[in-house]
Structure formats: C-alpha cells, structure tokens
Amino acid sequence: MIPYALIIAWLLPLGGFAVLVFFGRRIGEPGAGILAAGLMIASAAIALVSGFNWLGLNTGGATTLSLKIPWIYIGDQAMDFGVRVDSLTIVMFTMVTVVASSIFVYSVGYMHGDKRFARFFTYLSLFGFSMLGLVLADSLLGLFIFWELVGVCSYFLIGFWFEKQSASDAAKKAFIVNRVGDFLFIVGIATMFSMTGNLTLEGIFAKVREGAFAGHDTLLTFAGICLFFGAVGKSAQFPLHVWLPDAMEGPTPVSALIHAATMVAAGVYLVGRIFPILTVPALHFIAYIGAITLFGSALIAIVMTDIKRVLAYSTISQLGYMILSLGIGGWVAGLFHLITHACFKALLFLGSGSVIHGCNGEQDIRKMGKLHAKMPITSITFLVATLAISGVPFLSGAYSKDAMLSAMLGFSWVHRAHWVLFLVPAVGAAITAFYMMRLYLLVFHTSARDHHVHDHAHESPRVMWLPLAFLAVLTVSIGWFGSLPQQHQGASGETAVAAGSGLIGLIADAQPQWAVSRQSSNAPHGDPPAPPPEGARAETGAASAGSHEGSHGGFHLAATVIATGAMALGFLLAFLTYSFGVISPEQTTRRLQPVYRLLVNKFYFDELYRATVVAFVLKLAAFGRWFDRKILDGIADGSARWVTRTAFFSGLTLDNKGVDGAVNGAAELAFASGNIVRKGQTGRIRTYVLTMATLVAAVVFYIGMYHYIY
Amino acid sequence: MIELQHYLILSAALLVLGLVIIVSKRNAIAILIGVEFILNAANLNVVAFSSQGIGGLDGQTAAIFLIVIAATEAAVALAIFLNFYNIIATIDVDRGDKLRG
Amino acid sequence: MIKPLFFYIFALSSVAAGVAIIASTNIVRMAYWLIGMLLSVAGLYFLQGAYFLGVIQIIVYAGGVAVLMVFGVMLTSQRVAAQLRPRRWEVLWLLVTAAMLLTGIVATLLDARWSPEEAAASNNVADFGIHLLGKFVGPFELASILLLIALLGAAYLARPKVPTVKPEDTPK
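Residue numbers (the numbering used here), protein chains in the order written: chain A, 1 to 710; chain B, 711 to 811; chain C, 812 to 983.
Chain A on its own, in the form it takes in the complex:
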C-alpha cells in the first residue's frame, strides 16, 4: 500500500502544476498559492500517514518495498520505471513534503502583490513533484531525470525576478555550474551501465557484489567519483560551490526550500544511495572534499554582510559536514543531519525572509539591529534555529552534529593519518556557532544602526509567522527519543538486533547492509545479513555513528563534549565581540587585513573561474564565431573586413586626407562586394531548402546508382 500512497502523494504537486500552468493567471493572487499549498499539505499528510504505517509494519531491520513498470525497451532489456521505498525514502519524503508545505504557506504571504504570483507557485509545484520523484526513484536513470528537473526548476526560480540583471545572471551561473557536475554524473551512470548492464540501484549493487568490477578497482573508484561529482554540483561542494551564494537572488522562500532544505541536500542523498559502490579511495576523496568545503565556507560566512549570503555559506558548510560524514562512513549521522538541517535551515531562511520583508527589502545586516522588539516571533524562532545549528544540547541540530562528530572522531581514531578529518569539523563547529550568533545579534540585538530601517520594521503577517512557529517546533523536537539499533550478543552466541527508535533509528534501518568499502576488510564475501560486524565498520572507519556500545560509547561522549565546548567557545567569542564590545570587529579586521580581504572575496574563486574557465570558453566562442563567419560569409567578406581594418589603421596612422579617402573607398568597395557575396548565401529559407534537398538528392542518387556502378 505504501508505495501507491506515496505515488499519489508524489503526483499531487504535478496536478497542481498542470492546473496552474494553464489556469494560473486566471486563478490569480491568493487562489494559486492556496491551491499549491493545499495540494502540498495533502501530500505531506499522506506522507505522514504512510510514515506511521511504516513504523507499524516494520520493527527494525531494513525492508524495501518496490514497484516497477516497464518503461523503455532496449533490445530485450527493459528499463523499468520503478519506485523504491525504504525507511530513508519515507523520512526524506516526509521531510520534503512537510518543509515544502510550510514554505508554500509562507510564500502566500511573502509573494503577496508580486505580478507573477501564480507563476511562482507553478514552478514551486513542479519543483515539489521533481524533488519527490528524485526521492522515490529506484534507478540512476530515474534519479538523473528528476535531478535535471529540480535543476531546471531551480533555474526558473533563481531567475524568477529576471528583470534584475543579477538574478538572471545568477540563474545562468547556477545552471551552467551544475552542468559540469551533471556531465560527470552521467559519465558515472554510463560507466555503471556499461560494466553492470543495469541501472537500478539494487541491480547495480548486486552486480558489483557479484564482481562486475573484479580487477577494475580503479574504474569503480572513477565511477564512484564521477557519480559523486553530480552531488558536488547540486550540493555546492568545494570546486563547484560558487553558484549557491549567487542563487540567493531568487525569492527567499525559494532559497529556503530549494537552496537550503531540499534540492541541495539531494547531493547528499545521492551519495547516501550510491554508498555501497564507493570504494575506499573514493570515500577518502569525498571526505576531503567535504572537509575543505565545510571549513572554507564557514570562514567566508564570518565576513559576509548580506543576511542571505551568510546563510548560504552556512548551508554550504553544513552540506560539507554531511558529505564529510558520509565519506568517512558515518552514513546514518550524515543523513540524519540532512533531515535536521533541512528543518532549521528552512527556518533560518524563512526567518531571514521575514526580516527582509519587515525591513522593506533591506538585506544588509549592517543596517539592521534591535529588531527583536519589532518582530518578536521572527526573533525567537530565528534564535531557536541559531541554537540548533550551533549544536546546543537537546535541540535537533545537536543530536545530528554529535552523531557526525563521533563518527569522525572514531574514524580518525582508527586512521591516525586522517586526524585532520576530525580537527576540521570540530573547529568548524566553533566557527559555525560564532557566525550564527553574530548574525543573530547583529540583526535582532545590538544597536539600531539605520533608523530608517528600524523605524519602518514590522512583524510579518500571520500567514508568514505560522510556518515559522511550526518549523521551530520541528527544529526543537525532531531529534528527540532517537537511538540506533543495537546488537546484543545472545547467550547462545547469535546476534540479536534491538530496533532503533526515533528519527535516527528510522534512518539507520535504511543503512546499506553491504558496501564495497567494507568488503575489502575481514567481512566474508557472503556477507552478513543484519548490520555489519563492528570490526568491518572500524576497518573503513564506519564507526557506526553514535553507537552506544563498546568503545564507541566513549567516542560519542568525547564528541559531545568537544562539540559542546566548541559551540560554547564560538558563542562566547560572538558575545564578546558583538554584545559586550570586548573585541572590536573593526580592529580585528584591520589587523587581519589580508585574511579579511581573502574571505570577503570568497577566496577569489569567482575571479579564478573567470580568468580560467570563463576566459577559455569565451575564447572558444570567439573562435567559433570567427569560424562561422568564415564559412558563412565567404572569404570575400572576410577580406573586405581585413581591408577595412587595414584602411582604418592606415587612415588613422597616416592621417592623410587624400590617402585616407582613397583607402577608405577601396575598403568600401571590397566591403560591398563582400556583402554581395554574402547576400546570396544566407538568411533565405529557400536557400536552406535547396541545400538540404541537394544533400538528400546526392544520397538518393548514390543509392540509385549503386547497382549500376557495382
């Protein structure tokens, strides 16, 4: 039943899209939003009911429900369009629908009065459908299709206010940067298909397990890294992270839904799904990419002054955490953080949207301040989210961050060479706490620096703060009562598994039972049914995140202490700097001028890309244009240009009227003759038809004469 229910829930936003795309403008201002939000809420309700059903039918251990319909036949091989439901799917599906519902409701208020109100909800509905399809897809092909669909929705929505040059530029940038990742993604898919002849995840895993890549370990690593690059693009990881901060040009609900909570998390989800085929070198690569990303972007977030950009860099940093966690084998912790992060980051973005809305479009935090009294609900919910992302105990963020840090600690404990993979996230936790508290203090407390903004600030309407309150409740409570499934050595020596509980337990149910990276260890080939043996996990550092047993209990405690300490340190610094004025930010900035400049310019990544990739592409384009002109306009035109240019040159240098006139006349003559040649060549449909017909006729003629010649 559950797959069918989820398919219905999945198709509801598509229905909304279909209605809105045709009748959106007629339905108009509140109607379109109410329709889209209503359908999304219905979808969320179905997802929640399915989730509880799932809990009822499944007590511990992994279960997968799948549903397939044959789709494309290639020879005798059917590509199925399938749906795969395990507990991770349920959790992701519910998360996406619930977060999306609250953001849809919020958008009804936020987009009030926009002249393309209905179109906004059309795109949002399409996005909802694509994202849910991405979650449900059971094959790499299905994943890729919806991957591209969410990408194109993102493009539409970043450039939603396309009258603004910066918005349309940002949309193009996001789209093009993502193409780089997607190209490698499809290379990875093709590699997988050629080696396993299969595209469903299960099929690929089975084939890899049977040894489809036997003796081709490097190829498997290559394929894994290629697939991972899809995630690098979507999740804005280190080399391809440049698009996400610019994507904040879109409306704030879009930033919240797509560029914080769901779509960018799809990369992490992908890594989680393909985890079993990732080899040890690929995992190391992933882990280091994650570490670089989380540290670099956290540093940039300190110096940003645009409220949404701070949050954007924070998002990149948190995604880096998840990627790093997956890379070191902390599968459960990484995906757990994905869910909790979705809640509090959506809340943060919606809060920032509420601030921007209340300040009439002001986004610069240097002009805000003392807004707590003006917008108390926004302030309190924002504070809740700030505390959660920083990792204050008993809020959801703390549970997931502790789980990740303990996994990282366990990993670097086993693999001493990779000690930096624990140090970086631990320091990152302090930085996170610092910049988030800085943001909160600068926006809602300290002094009112711009009275114009301050005087006009007002709390947002109810339709906007209700979602905030709802998400705040989720942010607080979503991590509670969680425990991982635990193994007990029974009296007779068999292993019994106690079911996990809470959200983390549910995610742990979906943890892959088998992975290439674990296979290389002492685990026997015919591989264990229930959660893999502890030894095997330690081998790859899959230090079963937050496992409460044996030596790992120690890691968890230590990680919690370190995380809390780092958080406290960050908060302390933030308070000292921005509340008590002990440390002057201006002085620090001046003293660390080179560092500051490096950070404000985001490590000069945009400049680097502009100087290398963009310049190269422009050169290539210029070359292509030149080539095109040569072919189309003919040599006569080209020579005319050359003569003109020479004429201008000599005319300028000689500055002689008589010579000048003569040379110009010659140039014009050449130019005109070039034009005559050009006129016969281009622009006319009949010429094109004739060219085409000639080519076809040549082929037909050849075929017809074939028998006579041979």
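Worth flagging that the hints you see were computed from the coordinates, not collected in a lab. Nothing false has been slipped in among the hints.
Derived Cβ-Cβ restraints for the label pairs, each shown as a range:
id, chain 1, residue 1, chain 2, residue 2, range
1, B, Gly765, A, Thr691, 26 to 36 angstroms
2, A, Asp217, C, Glu952, 54 to 64 angstroms
3, B, Arg805, C, Leu959, 28 to 38 angstroms
Built from N, CA and C at the ideal position, the CB exists for glycine as well.
Given chain A, work out where chains B and C should sit, using these hints.
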C-alpha cells in the same frame, strides 16, 4: 498493363516537381503549392501499394490521414503567411531574412 | 486497354500542371493549375479502385484546400502579377539537384521488386470504413483533435490585430 512501378515513377516525378516549385518560387503561396505536390506524391505512392495488394487497406488509410494533415497544414500556413504579409507587406519569402548571419 | 490510356492521360496532366506552375509567374494561375493536378491525382485514385479516396481528394483537396489558397492569394497580393523570379544561379543549382533526385529515385525503382500479396485488398467502401474506425480509430480521433487545434490556431494567427471596423460603424 500499368504496374506499380508506373505509379511510383509518376510519384517521383511529382515529388521532384514539388521540390522545384518550392525552391524556384519566391511567392509564399506558391511554396505551399509545392508542398501540396509533394504530399500528393506521397499519397499516390501509398495508394499504389495498397491497390496492388501490399499492406491491405493500410495504405489508403494513411492517405486519408495525409489529406487531413495537408488540410491543416495549408490552413495554418496560410494564416502564418497572412501575418507575414501584415508585417512585411509582401509575400516574397526572400524578404523574411531577419535571421541572416 | 482503356486503363493505361487513362493512366497516361492523368499522369501527363498532373506533370503538365507541375511544369505549368513552374513556368507561370501568375499566382492565381498557379492555384488553378494546382487544382488541375489534384483532380488528375483523384482520377488516378479512381483508376486504382480507391473510390472513397478519390472522392475525398476532390472534395477536401480540390474543393477546400485549393479554394483556401485562392483566398490566400486574394488576401495577400495586391499586385496580382508580382514578378518574383529566382536568380539564375539558383535555377542552375536547382536543376542539378532535381535531376540527381529524379535519376536516383527512378534508378532505385527500376531495380526494385515487390511481391504482391495473394489477395488484393478489397476496395469496398464499407470495408474501408470498418478499417478506418476499427484498427485506426485512435489516429482517427487524434486527427479530429488536430483539425480542431489547427482551426483555432489558424483563426488566432490570422485575426486582425487592429479592429478595422468599429462596432458603432456597422450599419444597422
């Protein structure tokens, strides 16, 4: 006895005539006439096969659909030409070269 | 011997219509020649026993499409005999292409062999109707939708952008 090949050769002749009309005429409506020639050539082809007992009645059915599509094509194309005429004030297709390189 | 005679009559007249169109510069005459070609092809259909198709050809094509074209001519060209001739190099190029295409196809045809099925298809209109609304009922319905869309699309495209006659000007 008239064989299948006679019809097919006639069909080929009509096709080539249509092509020549399309390319040699600068009047948009004459181009449409050329297209009708080509469509009729195709129709003659399938009907000839059908009446010679190859493919049963499918050929004639295809011809019916072809006539329907030709009619729609003519209607829409003429509407487009009317617009073209309204905008450029001529029916000379060579004037519609705004996309020249 | 009457059948080959009619075949050659119709074949020659349709080809002649094409040649006449190519030679003509008058668009109205071209439209009339087109009707001639369409009628000849209809005759060929009758000759092959495809009576229904022949009737449709005359009604829809010669009656509808060609008249539509005449209307198009009247609505667009103010100077009826617009002298729009192709350029000479175009003609040359075109003739080479046409010759290549025709030789290619004819050479292929002369070389080809078909094996007719034992039972020639029934030319009964009733059978044809059953065929059209049985095996091909899906495409048939789609064609009706296509016609509807084309009707709306053509009407939309060809609508006057500026109302030429104001409502109050219309005579009572």
